[in-house]
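Given these sequences and hints, build the entire structure.
Chains A and B supply the protein sequences, listed in that same order.
When we follow numbering that gives the first Met the number 0, the leftmost residue of the first sequence carries the number 0, and every step to the right adds one.
When we follow numbering that gives the first Met the number 0, the leftmost residue of the second sequence carries the number 0, and every step to the right adds one.
If you are wondering where the hints come from, they were derived from the structure by calculation, not from laboratory data.
Treat the numbers as computed from the prediction; the structure is a model and nothing was measured.
Keep in mind that a hint or two might mislead.
Claimed, not checked - Which residues of chain B face chain A? A few of them, derived with a C-beta cut under 7 Å, are:
| no. | residue |
| --- | --- |
| 1 | Glu121 |
| 2 | Val124 |
| 3 | Lys127 |
| 4 | Ser129 |
| 5 | Asp133 |
| 6 | Thr135 |
| 7 | Arg139 |
| 8 | Leu142 |
All C-beta atoms, glycine included, are put in the ideal place defined by N, C-alpha and C.
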Amino acid sequence: MTRTTLVSAFVALFVLESAWAVYTQTQKTPRPLRSEKVKDDLYMVSGEGGNVAVYVTDEGVILVDDMFDRNHADILAQVKTLTPRPLRYVINTHQHDDHAGGDFKMLPLAEVIAHRNARANLAHIKEPYYQDTPWTPIGLPRITFSDELAVHLGGKEVQARYFGRGHTNGDAVIYFPTLKAVHTGDLFLAMRAPAGRGAAQGRVRPPGVPVYIDYVQGGSFLDWSRTLDGLLTLDFDTVIPGHGQVSTRADVVKFKSDLETMRGRLASLIKGGTGKPELVKILEDDYGWQSTGCPPSPPTPGCLQYQQVDALIAELRQ
Amino acid sequence: MTKRRGLVVGLCLALAVAYVRGQQPGTDPAKLELVKLADDLYVVYNDFVPGNTTALITDAGVVLVDDKFEIDHANVMAQLKKVTNQPVRFVINTHYHSDHSGGNAKLQALGAQAVSSEKARERMVAGKQSGLTDLTFDERMHLRLGGKQIDLFYFGRAHTDGDIVALFPQHRVLASGDVFAFGDRTPELIDYAGGGSAKLWPATLDKVLGLGFDRVVPGHGVVTTRAELQKFRDSTQALFTRVRTMNGQKKSKAEIEKMLRTDFKWADLHVQMGMDGVIAEAT
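Structure representation (structure tokens):
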């Protein structure tokens, strides 16, 4: 009995120590954020994690995404510099912790809304994202939708639209119809893929995008461009991307074209019998993926992409 | 006796016309009573008009489905007070008619958020109604509060073009709104001006019947069963088929009206709202 207790105590101590080690190693100091005006009453807050949209109305503020848990206080401070109005709604573009990591702290302050699959992923996996921020508390949105949901506040309307799978199976596009602006979440990224070894050797980089397809949470390379077609049915000229700077409709069109070119090339290689080692070399040379020398946590973009390689091969073989 | 009956019919019609046109009835508030379905699920019931209100009580607040006329607001709140001190956090409007959504503005002033289909909100805007909904959706929406869930569905046109049904999955109870009104005094009312359709009504109810529920809080009338909703669905199909048959036989409008009054218990209101529309649809 005493022995068992002692063993249990040891085990508990060990678990606690390991947990503390993980915690101290992964808790990061938040980076400072900044705000910029996108259009009338629409602002973008950026600096870490995914971009946050701030839409100001006479009756309160609607946010799109809330970054990491650690950015919460700074996001509220940024909003305060823009308007004295209270926060009323937070709409998630998807459940990853660099976009929805602040939900837990937002829930007492605002109504949090997500696509039903995004919430299901969050509820099912119980971790917003891989190993990056294991201590992010889970905040489950109270309101979910299937295809389209609109928030009406202060005479303004914001729509959350679902066009299908892509980055995950729960990506919402947030549309500001009167402003002709969208927040795309990670369905569109305003950034180049990391340079591969080929670029370092002076070769011309083929068209490509830094796609991360979260297969575990329902993402799909094949469906992604159809989903972007859905997005492009909306009437917009200004784009807040999941990551990167404020962009235009033309940038989304280019992104879709590059995504399709890259996917087409990879698919024909895979269907043509190219083996995994050879494919990985191409991904590393031409698209900046990284299969070796990856830090344990958090993964760098190239390493993160490499994690999806087997699922990607399986999907493109179809 | 006849005089009294005439008065009752007149009053009912005034109320019914008022509720369809989205006007204040200008009469006394309805006499309400609380019907318990479960420890945390109640119906604030009244006879005939306005519509039923269903209340789900959670530790994080109350969710209402429909909120009667504005004039009924204080009494609805008094009924809720008997069973909970929790605030109303959400009110779901099954459609735009003010005997189902008239309490919105007062509930919003108390901090509740109002929810409806997109079409229903558009009609509220067009009708210059107060208490416009805060959140709208097109097909499905799910609400979770205090560990409980409510599923909202739009399945297509029926009574209007913006009818939604609310499912309480843990209780297997459906709040149907007016896609299903139960009782002889509330037969199929097709609000063509509000986008209703006799032709599509049965298909909409087929989709409703695909949901998992045993009991139904109808838009009007007493709490009833899935079997009664199935019967009502069949009657909507029968009505449309009859009108189409009579159209085919070149029956006069008067003959069709007589049939609807006799066999489907239509009153003046139903004829005014739905007759020309159903004849046009059933060709």
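- Item | Indices of hints not satisfied (ascending) | 1, 2, 3, 4
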